[in-house]
Amino acid sequence: MIILLTTPEHQYTLRSIAEGQFGVPVPDIRSLTYDQVLAASTLPRATYVFADLERLSTSRLRRAAGLYRKLRDLGVRCLNDPARAMSRVELLTNLSEKTGNPIEVNRADMRPRPSRFPVFLRLEDEHEMPSDALYYSQGELDEALAAQRRDGVPLRGLLVLEKVDATYNDTLWAKWGSWRIGDRIVVEHIAVEDRWMVKYGRHDCLTEDIVSDEFDAVSTNRFEPLLKPAFETAGIEYGRADHAATPDGAVVFEINTNPFLGNYVPDPWLKRRDTQMLARQRWSEAMQAIDTPC
304 MIILLTTPEH
314 QYTLRSIAEG
324 QFGVPVPDIR
334 SLTYDQVLAA
344 STLPRATYVF
354 ADLERLSTSR
364 LRRAAGLYRK
374 LRDLGVRCLN
384 DPARAMSRVE
394 LLTNLSEKTG
404 NPIEVNRADM
414 RPRPSRFPVF
424 LRLEDEHEMP
434 SDALYYSQGE
444 LDEALAAQRR
454 DGVPLRGLLV
464 LEKVDATYND
474 TLWAKWGSWR
484 IGDRIVVEHI
494 AVEDRWMVKY
504 GRHDCLTEDI
514 VSDEFDAVST
524 NRFEPLLKPA
534 FETAGIEYGR
544 ADHAATPDGA
554 VVFEINTNPF
564 LGNYVPDPWL
574 KRRDTQMLAR
584 QRWSEAMQAI
594 DTPC
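Converting from the sequence shown to the numbering used here requires adding 303 to each position, the first position being numbered 1.
Each hint should be verified, as a subset may be incorrect.
[What the hints assert, rightly or not] Ranges of calculated distance between the beta carbons of each label pair, as one might list FRET restraints:
1. Asp551 with His313: 30 to 38 Å
2. Ser440 with Gln339: 45 to 53 Å
3. Ala343 with Glu535: 25 to 33 Å
4. Pro550 with Ala342: 46 to 54 Å
5. Thr510 with Val456: 22 to 30 Å
6. Gln451 with Glu511: 40 to 48 Å
[Said to hold, decoys possible] Heads up, simulated EDC-like pairs for lysine to aspartate or glutamate below, C-alpha to C-alpha not over 20 Å straight-line:
7. Lys531 with Asp519
8. Lys466 with Glu393
9. Lys466 with Glu429
Rather than coming from a laboratory, the hints here were simulated on the basis of the structure.
Bear in mind that the values here come from a model prediction, so they are computed numbers and not experimental data.
By construction, the Cβ of each residue, glycine as well, lies at the ideal position given by its N, Cα and C atoms.
Generate the whole structure from the sequences, applying the supplied hints.
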């Protein structure tokens with residue numbers, strides 16, 4: 304059994320597995336909230352994945368770290384040490400220093416003075432689509448942050464991030480998604496759009512060349528050499544990285560410790576169906592490798 308620990312509002316990420324809609328057989332994977340586990344007097348023997356760490360309050364994160372050590376000391380397999388796993392600010396800062404990852408990050412409530420522009424704003428603990436508004440100077444940024452407070456929006460938890468152009472070709476931008484599960488890297492998919500901020504990808508932007516490139520990246524696990532050091536730096540053993548190739552080199556945008564696993568829906572592109580099934584089969588095999596017999 305594998306137990307994924309999440310916040311109450313984000314247990315939906317495993318819905319496709321709970322409803323048998325993932326498309327390939329998977330181990331026994333269940334979702335529990337941190338509150339449920341912290342209040343329990345007994346727990347089943349399983350592999351415990353500490354997910355959703357970026358959404359935990361400080362007090363809950365500390366309690367989760369204590370639980371991790373109690374389980375580990377009992378010989379229970381655990382992934383994602385809450386005391387080591389880096390959230391967005393710490394991760395981007397360390398990747399910038401250690402690998403030259405080209406994203407500067409500042410906290411909005413710390414009088415940010417970015418050294419490079421343009422920049423944009425996003426919340427530290429969320430993975431939803433941020434605003435694509437760009438600020439090209441210190442004056443524009445200062446005014447934007449002042450406007451947030453005038454509108455009654457707190458700056459705590461808001462980040463100022465450097466814009467990085469992850470161009471795929473002359474007209475498209477791209478972002479890749481790749482997992483780490485235990486010791487394995489699983490390249491999953493590409494998302495392409497006709498604007499700089501790529502989130503979900505647009506199906507009408509795909510071409511035969513892009514679909515073939517995606518299959519090649521997934522089948523060869525192309526980004527494993529890039530991502531293993533990034534996940535190691537992050538202290539994250541279960542999660543999905545958003546990353547891309549830029550004219551200045553590779554970039555890691557974030558690592559989500561509780562990514563959404565959608566239902567298997569056959570893609571209109573026949574080649575992409577092969578890619579989907581290959582990525583999902585490898586994901587399942589990686590989960591099997593971390594599984595603990597009941």
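Okay, the hints, checked on the actual structure:
no.: 1; hint: Asp551 with His313: 30 to 38 Å; verdict: 34 Å, holds
no.: 2; hint: Ser440 with Gln339: 45 to 53 Å; verdict: 48 Å, holds
no.: 3; hint: Ala343 with Glu535: 25 to 33 Å; verdict: 31 Å, holds
no.: 4; hint: Pro550 with Ala342: 46 to 54 Å; verdict: 51 Å, holds
no.: 5; hint: Thr510 with Val456: 22 to 30 Å; verdict: 40 Å, violated
no.: 6; hint: Gln451 with Glu511: 40 to 48 Å; verdict: 44 Å, holds
no.: 7; hint: Lys531 with Asp519; verdict: 19 Å, holds
no.: 8; hint: Lys466 with Glu393; verdict: 18 Å, holds
no.: 9; hint: Lys466 with Glu429; verdict: 18 Å, holds
Violated hints amount to a single one, hint 5; each of the other numbered hints is respected by the structure.
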